[in-house]
Amino acid sequence: MSSEDAPDEGTDSNPGTEPHPEVPRNGMPGPSPDERPHPSGRRNAKGIRIDPEAEAEPEYRSAVVSALVEHEPGVLSRVSGLFSRRQFNIESLTVGPTTVEGHARITLVVEETDPGIDQVKKQLAKLKPVIQVGELDDDAVRAELVVLKVRGEEPDKVQAITEMYEGRTLDAGPRTITVQITGDQQKIDDAIDAFRQFGIIEIARTGQTALARGDTPTTPGEEPGHAKESEQESESAETQTGTYDD
Amino acid sequence: MSERATPTTDQTEETDPAEAADETGETTDRSADAAGETAATGTESPADTGVETGAEAVVAALEDAGAETLFGVQGGAIMPVYDALYDSELTHVTMAHEQGAAHAADAYGVVSGDPGVCLATSGPGATNLVTGIADADMDSDAMLALTGQVPSQMVGSDAFQETDTTGVTAPITKHNYFAGDPDTVGDTVGEAFALSAEGRPGPTLVDLPKDTTLAETDSDPGPAETPETYSVEEDPDDEQVAVAARAVERAEKPLLLFGGGVVKSDACQEARGFAIDHGIPVATTMPAIGSMPEDHELCLSWAGMHGTGYANMAITHTDCLIAVGTRFDDRLTGGVETFAPEAEVVHVDIDPAEISKNVHADYPVVGDAGTAIERLSAEMDRSPRTREWREQCQSWKDEYPLAYATPEDEPLKPQFVVEAFDEATDDDAIVTTGVGQHQMWAAQFWTYKSPRTWVSSHGLGTMGYGVPAAVGARIAADDDQQVVCFDGDGSFLMTMQEISVAVRENLDITVAVLNNRYIGMVRQWQDAFFEGRQMAADYDWCPEFDKMAEAFGAKGLRVDDYDEVADAVEAALNYDGPAVIDFHIDPAENVYPMVPSGGANGKFALSEDQL
Ligand SMILES: Cc1ncc(C[n+]2csc(CCOP(=O)(O)OP(=O)(O)O)c2C)c(N)n1
Numbered sequence: 033m034s035s036e037d038a039p040d041e042g043t044d045s046n047p048g049t050e051p052h053p054e055v056p057r058n059g060m061p062g063p064s065p066d067e068r069p070h071p072s073g074r075r076n077a078k079g080i081r082i083d084p085e086a087e088a089e090p091e092y093r094s095a096v097v098s099a100l101v102e103h104e105p106g107v108l109s110r111v112s113g114l115f116s117r118r119q120f121n122i123e124s125l126t127v128g129p130t131t132v133e134g135h136a137r138i139t140l141v142v143e144e145t146d147p148g149i150d151q152v153k154k155q156l157a158k159l160k161p162v163i164q165v166g167e168l169d170d171d172a173v174r175a176e177l178v179v180l181k182v183r184g185e186e187p188d189k190v191q192a193i194t195e196m197y198e199g200r201t202l203d204a205g206p207r208t209i210t211v212q213i214t215g216d217q218q219k220i221d222d223a224i225d226a227f228r229q230f231g232i233i234e235i236a237r238t239g240q241t242a243l244a245r246g247d248t249p250t251t252p253g254e255e256p257g258h259a260k261e262s263e264q265e266s267e268s269a270e271t272q273t274g275t276y277d278d
Numbered sequence: 010m011s012e013r014a015t016p017t018t019d020q021t022e023e024t025d026p027a028e029a030a031d032e033t034g035e036t037t038d039r040s041a042d043a044a045g046e047t048a049a050t051g052t053e054s055p056a057d058t059g060v061e062t063g064a065e066a067v068v069a070a071l072e073d074a075g076a077e078t079l080f081g082v083q084g085g086a087i088m089p090v091y092d093a094l095y096d097s098e099l100t101h102v103t104m105a106h107e108q109g110a111a112h113a114a115d116a117y118g119v120v121s122g123d124p125g126v127c128l129a130t131s132g133p134g135a136t137n138l139v140t141g142i143a144d145a146d147m148d149s150d151a152m153l154a155l156t157g158q159v160p161s162q163m164v165g166s167d168a169f170q171e172t173d174t175t176g177v178t179a180p181i182t183k184h185n186y187f188a189g190d191p192d193t194v195g196d197t198v199g200e201a202f203a204l205s206a207e208g209r210p211g212p213t214l215v216d217l218p219k220d221t222t223l224a225e226t227d228s229d230p231g232p233a234e235t236p237e238t239y240s241v242e243e244d245p246d247d248e249q250v251a252v253a254a255r256a257v258e259r260a261e262k263p264l265l266l267f268g269g270g271v272v273k274s275d276a277c278q279e280a281r282g283f284a285i286d287h288g289i290p291v292a293t294t295m296p297a298i299g300s301m302p303e304d305h306e307l308c309l310s311w312a313g314m315h316g317t318g319y320a321n322m323a324i325t326h327t328d329c330l331i332a333v334g335t336r337f338d339d340r341l342t343g344g345v346e347t348f349a350p351e352a353e354v355v356h357v358d359i360d361p362a363e364i365s366k367n368v369h370a371d372y373p374v375v376g377d378a379g380t381a382i383e384r385l386s387a388e389m390d391r392s393p394r395t396r397e398w399r400e401q402c403q404s405w406k407d408e409y410p411l412a413y414a415t416p417e418d419e420p421l422k423p424q425f426v427v428e429a430f431d432e433a434t435d436d437d438a439i440v441t442t443g444v445g446q447h448q449m450w451a452a453q454f455w456t457y458k459s460p461r462t463w464v465s466s467h468g469l470g471t472m473g474y475g476v477p478a479a480v481g482a483r484i485a486a487d488d489d490q491q492v493v494c495f496d497g498d499g500s501f502l503m504t505m506q507e508i509s510v511a512v513r514e515n516l517d518i519t520v521a522v523l524n525n526r527y528i529g530m531v532r533q534w535q536d537a538f539f540e541g542r543q544m545a546a547d548y549d550w551c552p553e554f555d556k557m558a559e560a561f562g563a564k565g566l567r568v569d570d571y572d573e574v575a576d577a578v579e580a581a582l583n584y585d586g587p588a589v590i591d592f593h594i595d596p597a598e599n600v601y602p603m604v605p606s607g608g609a610n611g612k613f614a615l616s617e618d619q620l
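Protein chains in written order, with the working numbering: chain A, 33 to 278; chain B, 10 to 620.
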């Protein structure tokens, strides 16, 4: 395959290009890779231009993303399908209705690099049933619920820990005690640690759900309705829609 | 098996409540209403004559949306829609296989600029469409797929020919719909059609359960509109444009990279103008072939794995890459670590999710390609100084020519065949291809001058795309535009049954099979990366394609030597109808240049020993 094998014959019958003197038998003419100039610049795996000498490992962080969606069949599978298809690291996903009829909120906790989190938001926003997407600030109000089943040998101690974490006992029998704790992720993690001493039999965690603090809408431009029990059935989604000002 | 199964479906149909309702005889009133409406508005839109069933609403919606040609295959669950087509002005092209229907619709869309439409029945019909839908999705081609579905009350019961079509196609469509309501099915079809073309195009699908299409309805579909939650920003932000303009002005080695989005948004005029006005060289991606005339001195042709050495050199050395409508596919970039390593990146795209997905954009400009380019140009106070850089790009053209050895005594070279066709055809002739080495030669050795003349499977790389694409392209093309399909022996074998369609419809297409008796691209990789262990790459068992073509009723020719090429090309092009030439080419010929997967664009190999 080297150029020595190249036949001397020209390419007279070639109608398109000029015959090239040194076309190798199987390949193309031109300086080899090492004979070409190469710049020293470099990008990291996320395609960001970096100092050629620098470490290129992107950093991961945890982000809470809230998506306001149309409450229609298949929306959850579309969202979860997006996450598996694009290989996003998802920690938890919760979903439930909002104050506006026909809308639901999906709250996602993702563990990604900054460009990854950006992609999560943009890819979500592209889905047709998705109305708005927002990432919550660190000061957002977050909560999670865990239901824990522990061995019932020391009911007094279990009760003390439950109270300490402002939980509730849901079921107590001779052999098992089941409690619920709500709070932010740290509190839930701490509580689970504290209950370990009794022997945890089963755990069910919901994953985090969250809202922006104060007057800030949770997703940009979100206009919540003021749901009042009595009006909920009769009023259309449109008339329920209000703004923060009224 | 299927014979026993069929009566089961028929039973379902008999007991279908929607069909039973058909006999209530309410239709007369509605027709009268509708007639009154027509008189009042004075329009002659078919929808105004009043629909009577869900299926008629589907057809009315297609007509209203401007669809003209449909590609499909009949079947039980889609039969009501076909029945409604019986009285319609729409042209239906029956394909030999649903995959063919999807590719034909896709190519029809690429050539015409309007979404192509394909139809299939439930179950196997729908799953046969899947490859074509995935192909359109990867290439962002506007396309609407309509699939029949078992009656809603049987959905989920594993009924005969049931597949969870919306489930299967969710990841490969822009959006899909399960149309459960006969009163809204027309609007849904109109919305799906409009959505496929809006913003960044892509395939949409509407799954049509049989009870929906059979049921009575008098809801004429409204105008085809995209849903409110799908909002596209056509106009780029002023600030984004301003900072991008400054970056281009100060560049010393700017390079334009046109992607498929330039063609899809019909922005070639603006894009070419920008390049010429500011003296900026242009490389394209494969889907953007034809966006810039390849014989223009600023054009470096296409970059990437088998792109030209000069385009890849320019990408490697540019200090400002102005990328328009590209998603930075890995076949283009090679390893991102080494992609345009010193360039600031200006990225224009209508899809914000493409910005910084693969390659970080220093200057994002979100908006329609044509609008964005015009705004960018208007915002620039001066052009960058590029004389030296342009000279550099020209000298790379001389250093790394696309060339091949053609001593007359060795087996026919495929590149020669491509060039012979290019010579013999007009500038606006359309090329379709399968996938493999032949696709790369067709892209390299043909000089493309107009957009929408290169129709190929890029992102998915689907063997068998070529023949059905030629069918769809032929129907969309102007009458005097020639259509040539370059196919590989392996690719041709996958969908050559669509030649029967070309014969039936008397479609004037020429298929050039570059027959190397291998699935050549695989053989090339086995030789390069698997020590020549050619496992399952040998295709010397293929039929004689010229005879196969004759059996289908097409013209068949066979070429073994250089001196037969010109006559055969002429005979095939002059033949009024489909012609297939089986070119027996050098089985050892390989595609170069080549950037090995994940490699650096500037380190393309020119022969196997450089890999
Ligand atoms: C449907 C499908 N199956 C498998 C492949 C993998 N593949 C890529 S190129 C290629 C060889 C194609 O052979 P042929 O059509 O004869 O073209 P050639 O490379 O010989 O020109 C194969 C098998 C593919 N791209 N598509």
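One thing to keep in mind: the hints can contain errors.
Unchecked claim - Cut-off 20 Å, straight-line C-alpha distance, at most; resulting in silico cross-link-like pairs (EDC-like, lysine to aspartate or glutamate):
no. : chain 1 : residue 1 : chain 2 : residue 2
1   : A       : Lys78     : B       : Glu243
2   : B       : Lys612    : B       : Asp328
3   : A       : Lys158    : B       : Asp328
4   : A       : Lys78     : B       : Asp244
5   : B       : Lys406    : A       : Glu67
6   : A       : Lys158    : B       : Glu242
7   : A       : Lys154    : B       : Asp244
8   : A       : Lys189    : A       : Asp146
9   : A       : Lys78     : B       : Asp246
10  : A       : Lys154    : B       : Asp489
11  : A       : Lys158    : B       : Glu514
12  : A       : Lys154    : B       : Asp328
13  : A       : Lys158    : B       : Glu351
14  : A       : Lys158    : B       : Asp244
15  : B       : Lys612    : A       : Asp221
16  : B       : Lys406    : A       : Asp169
17  : A       : Lys154    : B       : Glu351
18  : B       : Lys406    : A       : Glu54
19  : A       : Lys181    : A       : Asp146
20  : A       : Lys154    : B       : Asp371
21  : A       : Lys158    : B       : Glu237
The set of hints was computed from the structure by calculation and includes no laboratory data.
Now for the hints, and whether the structure bears them out:
1. Lys78/A to Glu243/B: violated (27 Å)
2. Lys612/B to Asp328/B: Within the cut-off at roughly 18 Å; holds.
3. Lys158/A to Asp328/B: Answer violated: Lys158/A to Asp328/B is near 32 Å, above 20 Å.
4. Lys78/A to Asp244/B: violated (27 Å)
5. Lys406/B to Glu67/A: The hint holds at about 16 Å.
6. Lys158/A to Glu242/B: holds (12 Å)
7. Lys154/A to Asp244/B: holds (18 Å)
8. Lys189/A to Asp146/A: Status violated; Cα separation ~43 Å.
9. Lys78/A to Asp246/B: Distance of about 25 Å is beyond 20 Å: violated.
10. Lys154/A to Asp489/B: violated (44 Å)
11. Lys158/A to Glu514/B: violated (40 Å)
12. Lys154/A to Asp328/B: Violated: Lys154/A and Asp328/B sit about 28 Å apart, past 20 Å.
13. Lys158/A to Glu351/B: Roughly 31 Å between the alpha carbons, so the hint for Lys158/A and Glu351/B is violated.
14. Lys158/A to Asp244/B: holds (18 Å)
15. Lys612/B to Asp221/A: violated (51 Å)
16. Lys406/B to Asp169/A: Roughly 52 Å between the alpha carbons, so the hint for Lys406/B and Asp169/A is violated.
17. Lys154/A to Glu351/B: Violated, at about 27 Å.
18. Lys406/B to Glu54/A: Holds: Lys406/B and Glu54/A sit about 15 Å apart, inside 20 Å.
19. Lys181/A to Asp146/A: Distance ~37 Å between Lys181/A and Asp146/A Cα, so the pair is violated.
20. Lys154/A to Asp371/B: Holds: Lys154/A and Asp371/B sit about 17 Å apart, inside 20 Å.
21. Lys158/A to Glu237/B: holds (12 Å)
Comparing the model with each earlier hint shows violations of hints 1, 3, 4, 8, 9, 10, 11, 12, 13, 15, 16, 17, 19; every other hint is respected.
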